[in-house]
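The task is simple: from the sequences and hints, build the whole structure.
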Amino acid sequence: MTKVTMTVNGRAVSGDVEGRTLLSEFLREGQRLTGTHVGCDTSQCGACVVHVNGEAVKSCTALALDLEGAEVRTIEGMANADGSLGVIQQAFQDHHGLQCGFCTPGMVMSAAALLKDNPKPTEHEVREYLEGNICRCTGYHNIVKAIMAASGQEMPAVAAE
Amino acid sequence: MPKDSGIGASSKRREDVRFLSGTGVYTDDMAMHRQVHAVMVRSTVANGRIVSVDTSAALAMPGVLAVFTGEDFAAVGGNPAGWLINSRNGEPMKEPKRPVLAHGKVRHVGDAYAAVIAETRDQAKDAAEAVAAGAVIEELPAVVNMAAALAEGSGLVHDEIGTNQCFDWGWIEANRDAVDAAMKAAPHVTTLELVNNRLVPNAMEPRASIGEYFPGTGDYKLTTTSQNPHLTKLLVCAFVMGIPEHKLTVVAPDVGGGFGSKIYHYGEEALVLAAAKKLGRPVRWTAERSESFLTDAHGRDHVTTIEVGVTLDGEILAIRTNTLANVGAYLSNFSTATPTFLHGTLMAGPYKVPHVYVNLKTVFTNTAPVDAYRGAGRPEATYSLERAIDKMARELHLDPVAVRRKNLLTPDQFPYTTPVALVYDTGNYQATLDKALELADYDGFEGRRAASAAKGKLRGIGLSTWIEACGIAPSHLVGQLGARVGLYDAATVRVSATGTISVMVGAHSHGQGHETVFAQVVADKLGIPEASVDIVHGDTSKIPFGMGSYGSRSLAVCGSAMDRALDKIIAKGKKIAAHMLEAAEGDITFENGSFSVAGTDKAKSFGEIAFSAYVPHNYPLETLEPGLEETAFYDPNNFTYPAGAYLCEVEVDPDTGKVDVLAFTCADDFGNVMNPMIVAGQVHGGVAQGIGQAMIENTIYDENGQLLSASYMDYAMPRADDFPMYTVDHSCSTPCTHNPLGVKGCGEAGAIGSPPAVVNAVIDALQRGGMTHVTHIDMPVSPARVWAAMQG
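Note that the protein sequences, when read in sequence, are chains A and V.
For what it's worth, this note's numbering labels the leading residue of the first sequence as 394, then goes sequentially.
For what it's worth, this note's numbering labels the leading residue of the second sequence as 48, then goes sequentially.
Read the hints as simulated data drawn from the structure, not as lab findings.
Treat the hints with care, as some may be off.
[To be verified] Cross-link-like lysine-lysine pairs, in silico, DSS-like; alpha carbons within 30 Å at most: (1) Lys325/V / Lys513/A; (2) Lys649/V / Lys622/V; (3) Lys502/V / Lys513/A.
[What the hints assert, rightly or not] FRET-style restraints, in silico, Cβ to Cβ: (4) Leu326/V / Asn473/A: 39 to 49 Å; (5) Thr545/V / Lys509/A: 42 to 52 Å; (6) Val123/V / Gly476/A: 45 to 55 Å; (7) Asp101/V / Thr435/A: 25 to 35 Å; (8) Gly137/V / Gly525/A: 48 to 58 Å; (9) Asp51/V / Arg404/A: 38 to 48 Å; (10) Arg404/A / Gly151/V: 51 to 61 Å; (11) Thr435/A / Ala121/V: 30 to 40 Å.
In this text, a Cβ means the ideal position worked out from N, Cα and C, and glycines have one as well.
So this is what it looks like as structure tokens:
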């Protein structure tokens, strides 16, 4: 076991980890930050996406030991200072961009990374960017709408609801 | 003007706040004091005789606390099939035992024959490898293909039953001769052989279970990923473990999707309970995704021949189907009902058809169990029918829209008894068809096709007019048909002294948004704010005995129970108000949250009545009990029948066979809609699963029974860029006639109606492109399959 220290959601944390301990395990089991979910074992589903030093990373693919001194942000760190939902989170609620909620943390973290690099993505760019995030509930329709809305763009009124 | 709260409002989902902030609590998110970890040891062969399992090396490894094998559960019961189906000749179906852990034989890749419990998950995983290394399993030839499984001389999945056929079912057997005669006399018969491809449900949250045992009281607790905790509890107690039912609590907390796969009781749930008792510590197990692929109940997997006898102008005279349905290695809980009463009964579709006969054989194979997956039998029926009708129209040079119009039931024909024993209560299939054609700009298709052609692409449009049956019931009927349970649901409405409300419901929400929608219904009925109502679900120690959520039943069945319980609350409130207002009970009316004496300004608010019920200082104690809490059970007297029309528009690349779905339009009749936003979301998700089935998803076992599509690198899960924005409408509403809310259910529609629309569109594109030899392509319509079909 080796001690590793990093900053998670602005708070310095440390823990003893094995060489094989994944960042997802460090967050979920070590820090009890269970908002980051693990939905597969092959780095496809994206439920575990967090930000490491500002970049979207699948936390099931990163070893905790490699992240000494890193700045990590998880879904638990996405709310506004007053605890209210952040812009992307709120857009997901407003546009019914989630159902069971399991893929949602990863979707929100990926959306945040997308909008940081590309503040006004097209619908096509949003869909392409979500290649690494699987949702089984929503058919993606309302996730795309939510991310477009969070970027300040309204989707054309394609749906009748 | 859209409402902003109550029934019909698109109220934002209250559950979203916890899911969006990472504070939802799914089973694997829980940490228990002194918890230990279970890892299953799974068969790597599809069919094998367990010669010996040496656990001594594993037991000596660091942190290992116990190893269980099939021997440890030999004396307890098996996980049963929920429905007992008789064959056409009256023989009962074959029901081989499904043990907690495989004993004597392993029957599919992933079949667990041992389990290791250790202090950490990694220690348990390491020791599970040691158990596997110490196990001697003699591999036997695998039974994989259904037709081969039924052939003379096939190996057997279950030696003790002497056959791989579970049952040979006819629906309705009395129709058989008349259907044969009508088919023989029909001027034209369209025949189509098709495969309804096997799917893996793939809820994003893998299954997980935590077992606890409390030696001081002898109580057990199971926290598990279930769509129906009371059903799991009943199965564990009455069938498998023999735990007295009052000594087990089952909790299904936040559950990350189910789609059917979390209806069923699985062996891991019994294992963690037994291990918790043995070790005196909480025992947890969480599936890895590869385990989900290998052991979650799969869906579909039918091979069908459908014949449609018609007049030369397309009037349907008779329908006959012959189907082989895979049930896998063991009978999962609904596996015998899904291909029969949720499939054969739908084979008349939304059409007026005089003669229908369905023959279906269920087949054991050395593959994972197959059971209900979103739609469950109804997608299979709809796909067979809607593909065959399209093929028939083409063979007779008739317009596919006109053919459907000719055969659809008309609004004046309800209630309508089908030849396959359902009574459709209401519908307007012309209205949904017209709406779909309008929203999809069907008339403008030719212009769009020409534009695609100018780009070198083949454009096609495909239609499906579908019907389903939801909220399976009534109990006395399903009992005659072989169900081992009732199919009612239940709700308890508990009003507090301060007028807030908790409603404990038998339904379970794992993405559907019940906490929001059910509260809308309560708030509307009682004239109080939605925020004053909480919906409690998922904990058998809190909720009444209800059957959970599957088959699009939650609102139609449990919502109806809740409505009945609210009626009782209002009735009691009137008695209390009559006393307080010194009026006759018959003179009290309840409206907008106020009990008043008709024709006067004397009134008491709902809150005042609630307070009086719990602080009964001015109260008719001689005739009325204090308190304001009511329970109702509701057993529907019929199914509900959602229906609709779906149109899919595709472009096919003639050089590669690649298909793009450009537009998808749904016009649905769900009866009354409680929350349009949530209903649309349910349709989006269902349609995506249906398009996924039609376009890319497939589950492949090789001839040795190895699952080749066992990870997200091998199984094509649909991504965001596989879909267009959908057009969804549910304005053509004919309220259900027999439940108090007039609701029909919307959870499965998208997955039922969409696959044939996609395939019909692809065939249409190829036909319009001159490839008239292509009359059918099996799902998924992958580029390779489409390209091969184009080459003839």
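Checked hints:
no. : hint                            : result
1   : Lys325/V / Lys513/A             : 58 Å, violated
2   : Lys649/V / Lys622/V             : 15 Å, holds
3   : Lys502/V / Lys513/A             : 29 Å, holds
4   : Leu326/V / Asn473/A: 39 to 49 Å : 45 Å, holds
5   : Thr545/V / Lys509/A: 42 to 52 Å : 46 Å, holds
6   : Val123/V / Gly476/A: 45 to 55 Å : 49 Å, holds
7   : Asp101/V / Thr435/A: 25 to 35 Å : 31 Å, holds
8   : Gly137/V / Gly525/A: 48 to 58 Å : 55 Å, holds
9   : Asp51/V / Arg404/A: 38 to 48 Å  : 39 Å, holds
10  : Arg404/A / Gly151/V: 51 to 61 Å : 54 Å, holds
11  : Thr435/A / Ala121/V: 30 to 40 Å : 36 Å, holds
Of the numbered hints stated above, the single one contradicted by the structure is hint 1.
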